[in-house]
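Asker: The hints should help you fit chain B onto chain A, whose structure is shown.
Protein chains: 2
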Amino acid sequence: MNETKHTSRDILPEPTLRRLPWYLAYVKTLDSKHEEHVSSTQIARRLNVDASQIAKDLSFLNIKGKTRIGYEVHPLTKALNEFLGFKHRHNAFLIGTGSLGSALMRDLGLQQYGLNIVAGFDINPDVIGTAVGEIPIYDFKELAARQRSTGVSIAIIAVPFENAQEVANSLVESNIKAIWNFTPYRIKVPRNIVLQNTSIYSDLALMYNRMGPAGNNNKNSTK
Amino acid sequence: MNETKHTSRDILPEPTLRRLPWYLAYVKTLDSKHEEHVSSTQIARRLNVDASQIAKDLSFLNIKGKTRIGYEVHPLTKALNEFLGFKHRHNAFLIGTGSLGSALMRDLGLQQYGLNIVAGFDINPDVIGTAVGEIPIYDFKELAARQRSTGVSIAIIAVPFENAQEVANSLVESNIKAIWNFTPYRIKVPRNIVLQNTSIYSDLALMYNRMGPAGNNNKNSTK
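Residue numbers (this note's numbering), protein chains in the order written: chain A, 11 to 233; chain B, 11 to 233.
The shape of chain A in the complex, shown without the other chains (with noise of 0.2 angstroms):
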């Protein structure tokens, strides 16, 4: 909880960041009861993670319960929260207004986890200077432009998956710093940007696949 935790997150392995956000909202269910304590075993059966492993994640945190009682629950939501930096605020731009795009501008979920989107950009000129909630959308001439007046660094890339590599080098171009990108391409950046791949759409492949021809009896061609 001081500033030795932005050594650790340099270090910290992919798995390990991947399992927190569940640690996070199980200790959240479990503050919200305002229950005090929680052992490593308590989460590794709710969460099916084995407790020697939580332990060794939470330690990255420099969090380690106590024997016999374990991990003090209110302390260790708020850390959590703020280690996985949904406690700031992150400003984004976001690119393509359409179905998915100003679906994500809707999210106010985003904003929970400290994802802010001040703009949406797009190339079409009537949704052009209209708005999605309160959040105005602008020409994607103007994102360089805007990038300086705002020094936003975050773009998320919501566009047809054609123009994704397109938009992603247009992004790199205006000093966007990190691309979360919600097509299925697979753009290439340079290696200074960070770039997230959000596919919902191949989990759905894996969903439709895991269901197989058994799970078919609600699955009709549409040709």
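Take these hints with a grain of salt, some might be off.
The list treats identical chains as one, so a pair stands whether inside a single copy or across any two.
Said to hold, decoys possible - The list that follows gives simulated cross-link-like pairs (lysine to aspartate or glutamate, EDC-like), each with its CA atoms no further than 16 angstroms apart: (1) Lys38 - Glu172; (2) Lys198 - Glu183; (3) Lys76 - Glu92; (4) Lys187 - Glu82.
Hints listed in this document are in silico derivations from the structure and should not be mistaken for laboratory results. Small disclaimer: the values here were computed from a predicted structure and weren't measured.
Answerer: Quick look at chain B alone, frame taken from chain A:
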């Protein structure tokens, strides 16, 4: 492209299944430009995946490229779309019509990938009886009855994570066979239920972490 694919589907490794939508996105862009052939080397260069891996992945679909010519773009696009289940209509219920839930109901993108949300469910009397777009919102209590009358077997969970497990239990009792969980909560379901987790917030945490303290010029504490 015949029934043999169902047997291969069952043994498909997850990493392969995760790469197939990337190939699809890329070949779709080629198809829209009316390009006729693409080599695995060309796909490899574009997507940073080994050419031999691509050939292996596509062999699961019984697709083989021709020496020096490569794959035929249009049939490959069709086969990938079909194989991934995106060309079939899968009806689904959505539980929790808050910000994320209603965003998903509005996201027409899901329909392009074969997911057709036919109804939303909520416990909030203010939204029960209303609709998002054309999709009606019903009382969550009616879920079992509506499942029986429609045969829908997929449900999307977009409720506050505190209620995720409880909702999942009700879904399983209501004969839902596949659950797409958008909450960061690790719900538990019986082994015969397909569970797909999509946590966009954990992707967000990963991105924040990779940005590191150096990327924090745009990061202000909200406290």
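Asker: Does each hint hold? Answer for all of them.
Answerer: We went through each hint and held it up to the structure:
1. Lys38 - Glu172: between (40 angstroms within a copy, 8 angstroms between copies)
2. Lys198 - Glu183: within (13 angstroms within a copy, 45 angstroms between copies)
3. Lys76 - Glu92: Close neither inside one copy (21 angstroms) nor across copies (53 angstroms); limit 16 angstroms.
4. Lys187 - Glu82: Neither: 36 angstroms inside a chain and 37 angstroms across chains, both beyond 16 angstroms.
Going through the hint list in order, the structure does not satisfy hints 3 and 4.
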